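Taken in sequence, the protein lines are chains A and B. Using the numbering used here, you'd call the opening residue of the first sequence number 2 and step up by one each time. Using the numbering used here, you'd call the opening residue of the second sequence number 52 and step up by one each time.
Hints may be right or wrong, so weigh each one.
Partial list, computed: chain A residues near chain B (C-beta under 10 Å) [said to hold, decoys possible]:
| # | residue |
| --- | --- |
| 1 | Y124 |
| 2 | H127 |
| 3 | A173 |
| 4 | I178 |
| 5 | Q242 |
| 6 | Q384 |
Covered by chain A, per the in silico footprint, the following chain B stretches (three or more residues, Cβ under 8 Å) [claimed, not checked]:
| # | region |
| --- | --- |
| 7 | 80-93 |
| 8 | 194-204 |
| 9 | 220-232 |
Hints in this document: simulated from the structure, not taken from any laboratory. Since the model is a prediction, treat every value here as computed from it, not as a measurement. Where is the CB? At the ideal position from N, CA and C, for every residue including glycine.
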Amino acid sequence: MRNLIAKLALATAVLGSGLGVAAADTANIWVRADGSNFMPRIVDAYNKAHKDQIKLDIIPNAEIIPKYGAAAAGGTAPDALSLDLIYTPSFAAAGQLEDITDWAKSLPYFASLSPAHVKTGTYKDHIYGLPFSADASVLIWNKKLFKQAGLDPEKGPTNWAEIAADAEKVNALGGNIKGFYFSGNCGGCNIFTFMPLIWASGGDILSEDGSKATLDSPQLRGAIDLYRSMVKKDLVPAGAQTDTGANFFAAFAAGNIGISPSGAFAIGALNTQYPNVDYGVTFLPGKDGGWSSFAGGDNFVVTKGTKKLAVVKEFLDFAYSLEGQTILAKYGSLPVRGDIAKDALRELDPRYQIAAEAMAKGKTPYSVVFNDLINSANGPWTQMVNEVFFGDDVDGAIANAQETMQSIIDQAPQK
Amino acid sequence: MRRKYRQAMTTITATTTAPPRVRKLVGAGRRQWIGLLYVAPAVALVMVFFVIPLGMTAWMSLHNWPLMGEHAFIGLDNYWAILRDTRFWNALKFTGYYTVIVTIAIFAIAFPLAIFIEKPRPFTNLYRTFFFMPAVVGFASASLLWSWLLNVDSGLFSPAAYDLGLIDKKFNLLATFQPAFWSIIAMVVWKVAGFTMIILMTGLQSIPQDLQEAAVIDGAGPFARFRAITLPLMRRTLALALILSVAGSILAFDQFYIILRGGPRNQTLTAVYWIFNQSFVSFKLGYGAALSMVLLVILVALSLIQLWLLRKPEGLD
């Protein structure tokens, strides 16, 4: 009899678990390697607390776009994707993404979501992407070197003249110490950290809707002169000229650089990997003060026609909860919900608050050909920044970039 | 004297290259089938990894084929667009310039090395291994290694020269065209010369020793022997090494992508780099396919020209 009961119990358990598995749904999402720290943590937390599950794939940064394109063509695309936000307009224009306008607008906290992300996630008045992870650009300085140079280690530069003057003083320490660092052959790095100097001074390189290149502004010319003067005075290491971004963060982390524009990611990276570097964080200033920031990070997009929409929405809703935002913040992304950002960051390094403030006002240029214009190592923006910072013909380089950018915009399939 | 060598050479080549006699036997048909069966795996590989992709590339080149979204047939429009693509033609011009320089450089290093290691002498095997070793490193790994060596701040060359007091200021080799270009040439020669050396060495070893000895007895100096015996008998080997070097250089990509990213200021964009750029940065797969087809035609034409130039002269067979 006991045997029979045991068998019945076993049968019930097997049947029950079988039914349970059948009822749960699994959605597949992809993330670029930049998210490899926070994404598995938030997926784990979600999977533990929900019946429906997420299966996560981490794809190398450079491969995620071609791989997604190939998968979409072959009908094997993931249900959703955490996508570098600048690509959202071109993905939407290609008809690849699910229109999530109604759902997005029904979220009670919709108005508090990072405006720059929502703007790039919107194409022809429809929403195709919502903010997922975020990174703002900030200026970081080495407090130890500031002190050695006779500067106030607690006060970072607040305008361009102060950047140049502080960098020069640090540089005067000599040896391997240099005043300033930037990656001189990296389009992505410079849109992220050089562009805010121009925005903060009232200039821009693209019109609001991305249909016009506007490189011929005095603000751009002024910011170029600031960098050129520092290069000329030898305040910048020689390797900056050919740095395609590999050294973007590493140069400052080595402890020999006075000031460097960077991203909020640097706070976590410095704290965990370079605890000996004592640094300050401030905004990227305009010529005479004020400040601005690039809004980077990822938008969450859904592949058109996916059958797992409900799971994907449930996951995103979890990511937007205080628990989700706290996990993201703890493992390297700024919160994307402005209304609970402070709470999510409460237990973290207070320097994150500056980055979060920068994020709230952050800007992202809007273009369906952003990759061609800005990120491409051989595109007009990368070529221009390298020429104007280190070359001889500044005006020619700007004019050339203006013309090339406009022709790429004009030839784009959809605007 | 020269005629004597020629006669001797003719006899030798004639014996070594005489066509095999075909015997018609009962069951030859069956054997042919067995033969076909043996080569079937190789044929299948060529079909799957060459013929079918080639056909697909040709088909794609006739389409407006974005990375994402619908594709549409546009006939020869991509090819007309190539005619106006000045950056492609500039890239092709640079690729040609690079090919000529790097091929000359490789042969200039590999030939003397091949002569040096051809004959057994103390430590020959050690030398052979030493010279050949870089060839086994993948191009991408070698490029990464060199991009570190060439780094002005944290690498080897510039910091070492600075620390030894040879230069007053660290010099960024990759910042301007000429030093950057020659740095790449140095890296490629380091990487490829050993491989070319082995090919040339086998060619040298196949030259009959008695020909050289006869020439020495007749009083021919080293230069005369090289010109009248070595070079003519090396034609086939030279053709092979030359075609491999030229084809490899026309398709150069890894080192320019990894070390220079086409820089400084897009002056080192190669043809394949531009195809990569159009396909996977601008996401224009159809246009990239058309560019690939054009490059393929150029490559086949160049190889045919080389084979024709290095064909066996009359009277040697």
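Hint check:
| no. | hint | in the structure |
| --- | --- | --- |
| 1 | Y124 | 13 Å, violated |
| 2 | H127 | 16 Å, violated |
| 3 | A173 | 17 Å, violated |
| 4 | I178 | 12 Å, violated |
| 5 | Q242 | 5 Å, holds |
| 6 | Q384 | 6 Å, holds |
| 7 | 80-93 | violated (count 0) |
| 8 | 194-204 | holds (count 3) |
| 9 | 220-232 | holds (count 6) |
The structure shown violates the earlier hints numbered 1, 2, 3, 4 and 7.
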